[in-house]
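> Sequence:
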Amino acid sequence: MSQQFKETPQNAITESGIARVIPCKELDIGDPIKWLSLGLRDALRSPGLTFFYGLLFAVIPWLIMYLVQMTGWHLVILPAMVCFMLIGPFLAAGLYDISWEYEKNHKPTLSHSLKAMKRNAVNEWGFGILLLVLMIFWLRVASLIHALYPPYLDENFESLLPFLALGTIIGGLFTLVMLFITAFTQPILMERKVDLATAVLSSVNAVWVNKLPMLIWGGMIFTAVAIGFVTGFVGFIILMPLVGYASWHAYIDTIVTKRGRDYE
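With my numbering applied, the sequence shown has no gaps in its numbers, which climb one by one up to 314 at the end.
Don't take every hint at face value.
[Said to hold, decoys possible] Distance condition first, Cα-Cα at most 30 angstroms in a straight line; then the derived BS3-like pairs of lysine-lysine:
| id | residue 1 | residue 2 |
| --- | --- | --- |
| 1 | K154 | K84 |
| 2 | K157 | K243 |
| 3 | K154 | K243 |
[Stated by the list, open to error] Distance ranges between label pairs, derived from CB positions:
| id | residue 1 | residue 2 | range |
| --- | --- | --- | --- |
| 4 | G222 | K168 | 32 to 42 angstroms |
| 5 | I186 | V280 | 25 to 35 angstroms |
| 6 | F101 | T307 | 30 to 40 angstroms |
| 7 | S161 | R91 | 20 to 30 angstroms |
| 8 | L223 | Q119 | 22 to 32 angstroms |
| 9 | I110 | V191 | 19 to 29 angstroms |
| 10 | S161 | I219 | 39 to 49 angstroms |
| 11 | D78 | V191 | 31 to 41 angstroms |
| 12 | V280 | A69 | 37 to 47 angstroms |
| 13 | A171 | R70 | 13 to 23 angstroms |
| 14 | V280 | F101 | 18 to 28 angstroms |
| 15 | L90 | G282 | 15 to 25 angstroms |
Don't read these hints as lab results, they were simulated from the structure. Computed from a predicted model, the values in this text were never measured in an experiment. We put the CB at the ideal spot given by N, CA and C, even for glycine.
Produce the entire structure from the sequences given, and follow the hints as far as they go.
Below is the structure:
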């Protein structure tokens with residue numbers, strides 16, 4: 051399968067003293083829907099692997115909420131959702147591998163997908179550490195917001211509203227930053243032996259060039275996470291593998307190569 055470019059490769063970061071930037075193509079506003087349809091196709095082709103990773107994605111937020119209940123800090127529910135969105139791209143490597151195997155006309159296996167992190171191990175683990183640092187930073191900000199809550203106020207919606215609004219605004223801005231950083235970093239590191247700075251800058255560049263389609267895509271991901279929480283994490287069993295598969299197709303559709311990909 052060879053990649054066809056719909057537009058001339060774009061590069062919003064013309065110069066970088068940190069690393070090179072892999073160009074991207076200009077996306078259409080309807081491309082996120084196409085990515086989801088391709089992701090659904092991959093999910094239906096590998097139901098066993100999809101269920102395995104879906105179950106994994108369901109257990110992780112359950113543990114997060116269990117910790118929230120143990121601490122009694124109800125105001126950290128929103129930060130917990132953001133943390134899950136931070137961890138998601140790192141854990142989705144196995145799902146990317148499954149879609150990649152289908153691209154190469156191979157039959158995906160669990161053992162092969164679990165080895166996905168080893169292809170560019172140093173930089174991929176560096177990406178994991180980066181996500182961990184950002185997650186800790188967000189938790190510290192969330193703790194500061196929680197500390198501002200006066201202890202003498204009743205825990206009703208009217209009293210909590212100012213702090214929920216503040217947390218939502220800050221969390222929204224933080225999530226937007228994370229969309230720029232994480233949108234394509236992990237797939238780039240998986241497919242190409244490049245350094246972490248190159249992958250991150252290429253992701254930032256691709257999101258900046260395609261702001262509207264990527265905002266729609268980010269909104270879809272956030273909606274999937276929200277539905278997962280509303281359904282008591284059961285929805286994650288289906289939705290998170292779907293997002294993972296679709297994210298790989300988003301990468302293939304966005305980040306260009308010097309030569310077309312030909313897996314046959």
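> For every hint, state whether the structure bears it out.
Here's how the hints hold up against the structure:
Restraint check for K154 and K84: the C-alpha separation of about 19 angstroms stays at or below 30 angstroms, so the hint holds. For a cut-off of 30 angstroms, the pair hint linking K157 to K243 stands: about 23 angstroms separates their Cα positions. In summary, the hint linking K154 to K243 is supported, as the alpha carbons are separated by about 18 angstroms, within the 30 angstroms threshold. At roughly 35 angstroms, the beta carbons of G222 and K168 sit within the given window of 32 to 42 angstroms.
Here the CB-CB span from I186 to V280 is close to 27 angstroms, well matched to the stated 25 to 35 angstroms. Between F101 and T307 the CB atoms are about 32 angstroms apart, so this pair conforms to the stated range of 30 to 40 angstroms. With their beta carbons about 23 angstroms apart, S161 and R91 fall inside the hinted range of 20 to 30 angstroms. At roughly 27 angstroms, the beta carbons of L223 and Q119 sit within the given window of 22 to 32 angstroms.
Distance hint check for I110 and V191: the Cβ-Cβ separation is about 21 angstroms, which falls inside the suggested range of 19 to 29 angstroms. Under the hint 39 to 49 angstroms, the C-beta atoms of S161 and I219, about 44 angstroms apart, fit the expected range. Taking 31 to 41 angstroms as the suggested C-beta distance range, the pair D78 and V191 conforms, at roughly 36 angstroms. Separation of V280 from A69 is about 40 angstroms and conforms to the stated range, judged on CB atoms against 37 to 47 angstroms.
Separation of A171 from R70 is about 21 angstroms and conforms to the stated range, judged on CB atoms against 13 to 23 angstroms. Range check, V280 to F101: Cβ separation about 21 angstroms, and the 18 to 28 angstroms hint holds. Checked against the hint of 15 to 25 angstroms, the pair L90 and G282 passes, with Cβ atoms roughly 23 angstroms apart.
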